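There are 2 protein chains.
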Amino acid sequence: MMQSENSVEDSLHIRKLEVTDKEKGFIELLRQLTVCDSVSDERFKERFEEIAKYGDDHCICVIEDVRLGKIVATGSVFIEKKFVRNCGKAGHIEDVVVDSSARGMQLGKRIVEYLAHHAHSMGCYKVILDCTEENRPFYEKCGFKKKEIQMVKYFV
Amino acid sequence: MMQSENSVEDSLHIRKLEVTDKEKGFIELLRQLTVCDSVSDERFKERFEEIAKYGDDHCICVIEDVRLGKIVATGSVFIEKKFVRNCGKAGHIEDVVVDSSARGMQLGKRIVEYLAHHAHSMGCYKVILDCTEENRPFYEKCGFKKKEIQMVKYFV
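Top to bottom, those sequences are chains A and B. The first sequence lines up with residues 38 to 193 when you count with this note's numbering. The second sequence lines up with residues 38 to 193 when you count with this note's numbering.
The following block holds chain A by itself, in its conformation from the complex (with noise of 0.2 Å):
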């Protein structure tokens, strides 16, 4: 049986993480990122436990494709507090991921949208993130523009 592309779209729900969504692969999803190895349950809830003290400060999303109960786009952003710009905050948007197999319908678009909503509602003057020059073009039909460079030190 087909579905029409309506029924398809609404069975993709956007909303914050859930300590259950382990199960419904998010994980698997972390790892076309980056580096992830598999993580053990108790690992997991203690990090998320862990986030989940700071509230609305450190928000991750992800869209769950509800036919299948399985998580296909996450991203996540943290609301760093200033002094700078009269005791401003700055929401950092971090680790953009959308399910090679939900490519192509404005998914990553939707995250973009729902964490810098969620960085202006808290009140952020502005919201950065990093990038490759690659997927410059993404984040600025997000309504990003280009400002200055990454630089990083790695420990290990």
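Treat the hints as calculated values from the structure; they're not laboratory data. Please read these numbers as outputs of a predicted model, since none were measured by experiment. Careful: at least some of the hints might be erroneous.
Identical chains blur together in the list; that is why a pair holds if it fits in one copy or across any two.
[Unchecked claim] Derived DSSO-like pairs: lysine-lysine, alpha-carbon spacing no greater than 27 Å straight-line:
1) Lys61 to Lys118
2) Lys146 to Lys184
3) Lys53 to Lys163
4) Lys59 to Lys163
5) Lys183 to Lys61
6) Lys126 to Lys61
7) Lys163 to Lys82
8) Lys53 to Lys118
With chain A held as given, fit chain B onto it using these hints.
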């Protein structure tokens, strides 16, 4: 009376931000970095305490010239808890600035090394920051490499 180079350097103490640093020119220093209007004592204390709640997950360091009772350099790092990299952590360095009167004494390098060391000691697998292309050679001297580009969306 001329002071020797040694005695000047001996008077430059690096440590974590204290709530009394507002009286030592901390806000005026930040103003050399970006917009930072005058902040009331109450607002400063409130923000100081909000950040202090994060404990070692958000560290602001300063260098005080104890001869003058003046803050001459600062920078911050916060520790982001992730699920990727096997529930890894990443350090984010922000708001590094050295007083215009205190340049050429490697204070920026001391600040960045202090913050990177803090991130490492907290178990981060990497520490990142965003900077202008102009500041790239400075951060390369601190052991950083260019990786990605920074994108920004302003709300104000």
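Here is what the structure says about each hint:
no. : hint             : in the structure
1   : Lys61 to Lys118  : between (33 Å within a copy, 21 Å between copies)
2   : Lys146 to Lys184 : both (20 Å within a copy, 23 Å between copies)
3   : Lys53 to Lys163  : both (21 Å within a copy, 26 Å between copies)
4   : Lys59 to Lys163  : between (31 Å within a copy, 25 Å between copies)
5   : Lys183 to Lys61  : neither (34 Å within a copy, 35 Å between copies)
6   : Lys126 to Lys61  : between (33 Å within a copy, 23 Å between copies)
7   : Lys163 to Lys82  : between (31 Å within a copy, 23 Å between copies)
8   : Lys53 to Lys118  : both (22 Å within a copy, 16 Å between copies)
The structure fails to meet hint 5 from the earlier list, while all remaining hints are met.
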